[in-house]
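> Sequence lines, in order, name chains P and E. Reading the first sequence from the start, the letters are residues 0 to 359 in numbering that gives the first Met the number 0. Reading the second sequence from the start, the letters are residues 0 to 214 in numbering that gives the first Met the number 0.
Source of the hints: derived by calculation from the structure; they are not laboratory data. Small disclaimer: the values here were computed from a predicted structure and weren't measured. Some hints here could point you the wrong way.
Examples of chain E residues lying across from chain P (beta carbon under 10 Å, computed) [claimed, not checked]:
hint, residue
1, Gln99
2, Gly123
3, Gly124
4, Glu128
5, Glu161
6, Ala166
7, Asp167
8, Ser168
9, Glu170
10, Val171
Far from chain P by the CB rule (all over 12 Å, computed), these chain E residues [said to hold, decoys possible]:
hint, residue
11, Ala28
12, Leu130
13, Gly146
14, Gly150
15, Phe173
Ideal Cβ positions, reconstructed from N, Cα and C, are used throughout, including at glycine.
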Amino acid sequence: MPDMRFAPPNPIRIADRAAGLNAVSVRSYNERLVLSMLLQHGSTTRFDIGEKTGLSAQTVSVIVRSLEQEGLVTRGEAQRGRMGPPTIPMGLNPEGAYSIGISIGFRTTDIVLIDFVGGVIDSETLRHVSPGADHVHPKLYSTVGTLLAKISKARRRRIAGIGLALPEGFGDTRELATFKERAEADFGLEVFVQNDVTAAANGESLFGVARDLDNYLFFYIGAMVHTRLILNHQIHRSSSTSAFDVGLLHFERALGSNGVSTEDLWRRSEGSPQYATAVERWKADCVALLADKVREARQFVDVGTVVLSSYVPRDLCQSICDDLSSREQGLSAVVGSIHLAPKAVGAASLPYASRFTVAG
Amino acid sequence: MRTVLCFGDSNTHGQIPGRGPLDRFDWSARWPGVMAQALGPGWYVIEEGLSGRTTVRDDPIEGMHKNGRHYLTPCLQSHAPIDVVILMLGTNDLKRRFFQTAAEVAMGVGCLIFDIKDLSPGPGGQVPEILVVAPPPMLDDLREWSGVFEGAPAVSRRLALEFEIQADSNEVHFFDAASVCACDPADGFHLSAEAHRDLGLALAAEVSGIGWAND
Chain P
0 MPDMRFAPPN PIRIADRAAG LNAVSVRSYN ERLVLSMLLQ HGSTTRFDIG EKTGLSAQTV
60 SVIVRSLEQE GLVTRGEAQR GRMGPPTIPM GLNPEGAYSI GISIGFRTTD IVLIDFVGGV
120 IDSETLRHVS PGADHVHPKL YSTVGTLLAK ISKARRRRIA GIGLALPEGF GDTRELATFK
180 ERAEADFGLE VFVQNDVTAA ANGESLFGVA RDLDNYLFFY IGAMVHTRLI LNHQIHRSSS
240 TSAFDVGLLH FERALGSNGV STEDLWRRSE GSPQYATAVE RWKADCVALL ADKVREARQF
300 VDVGTVVLSS YVPRDLCQSI CDDLSSREQG LSAVVGSIHL APKAVGAASL PYASRFTVAG
Chain E
0 MRTVLCFGDS NTHGQIPGRG PLDRFDWSAR WPGVMAQALG PGWYVIEEGL SGRTTVRDDP
60 IEGMHKNGRH YLTPCLQSHA PIDVVILMLG TNDLKRRFFQ TAAEVAMGVG CLIFDIKDLS
120 PGPGGQVPEI LVVAPPPMLD DLREWSGVFE GAPAVSRRLA LEFEIQADSN EVHFFDAASV
180 CACDPADGFH LSAEAHRDLG LALAAEVSGI GWAND
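So here's chain P without its partners, still in its complex pose:
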């Protein structure tokens, strides 16, 4: 009977270090813990990883080295301190993993390919034949296929999956099931589904302005206005309604221009006093609702920050934030930093959460 203390070591970790991503089952809880921290906090030192995860320096060393060899983690530029040798920050390798995000909206379906740190590599927009967020666009499958065909083989092996953001009430239709089945069978990519507004909040938490925020109130202005409350990185939604009709549909109705895309409206509003007045009026309605929701939330929890996400023009978002900040004491309202298809980018973060973090 051999002494097990000196039995040959199990080389599974190193043997698995070929190109591409390890199987999900191989990724240990501690590896996920380290990756969660890097996804959430960005670049950091091994010391901080140990402090925040409670893992010993030697365990962190082994995990980081393994993740480095797998290409998920890279060393940053050496930072010179006052004395001693420079410290080397560790961060996620942007090219370590990729993900596809899809969001089915009211007028369009957005598809994005992002890297490991949320950078958009490629994107496509499919216009809906008739407005409404209730069906899978017939070209969705082929568009994802085209996007995948454009990327190199090496990158293709590193795609973590497909995140699909669906609006509230989207039916569990046959065409949705077919899309998921075909994507999983033909592309070999798992499809993860999430509510679209929650996905957008997730995106800001992981890749955007909310990265360092533990708690904040999230607003999404689309066809409707939606709210989410984020407490300790957990996204909560109201158990009653969380969609309010002061969004862009309301704005379009006010202009009596149903059916005209909002992009055209923004363009027209420039230089036209009539449209400018309508924008101001809509903005006031919108800010009033947001202020209302902020006060409601603040009755129960101490929220100091509002993150506003929308595809309406950025300066308009900023102006809404400024109005809100000045109305509510001690509140800082900021525009989300994911401007291109925020719901799709958020959806793309889902496969990362599932495959690389402790939340998954």
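Chain P is already provided as a structure; the job is to place chain E on it using the hints.
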């Protein structure tokens, strides 16, 4: 003040390539000295490099005192408390008289790790940080040493992988010296002054990269 113990063989001792065992680089040129200078005044670096030291093997020719396992425990206890133990051994285990595979040599390193953890000579009786350093592979031409090390260069090229597997499964730090230096052609298995400098700087970065609280 933090303490680093450098436990190794002639390449920690600083033996000059192609010369006798009495020819040694100056302190400031040997890798522990280079590392000490790079780490700065907050660190106390102890050199424990013995020519011909093996990991765990009694040497019937050079003597029992070359067995690293016999000396490691008293050495650790003499210098405790120790914050970091650097182990850079393995080349001498490849001598023909021992005839070891790379995996067997790595298991010798595993025994030393086990002994360090068992003794726990870190601050407050804790396990110190342990850094396993794989020596750079031997060159093919070992000059007058080629008989002693027959077949060894090929095996030496597999040491880094086996050492890393051992370090991973024991959850300790690992560094592959071949990533920053190579053996000198003067004898094919010792390090030049330049190699000592590159290795010392790299290991200083590894030691500080472990991460230490400010105190």
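> Each hint needs a verdict: does it hold in this structure or not?
Structure-based check of each hint:
1. Gln99: violated (14 Å)
2. Gly123: At about 14 Å, which exceeds the 10 Å cut-off, the nearest Cβ of chain P leaves the hint on Gly123(E) violated.
3. Gly124: violated (15 Å)
4. Glu128: holds (6 Å)
5. Glu161: holds (9 Å)
6. Ala166: Cβ of Ala166(E) sits 7 Å from chain P, so the hint holds.
7. Asp167: holds (5 Å)
8. Ser168: With a closest approach of 3 Å, the Ser168(E) hint holds.
9. Glu170: Hint holds; Glu170(E) Cβ to chain P Cβ min 5 Å, cut 10 Å.
10. Val171: holds (5 Å)
11. Ala28: holds (18 Å)
12. Leu130: Violated, since 9 Å does not exceed 12 Å.
13. Gly146: holds (30 Å)
14. Gly150: The claim stands: Gly150(E) keeps its Cβ more than 12 Å from every Cβ of chain P (closest is about 21 Å).
15. Phe173: violated (7 Å)
Consistency with the previously given hints fails for numbers 1, 2, 3, 12 and 15, ordered from lowest to highest.
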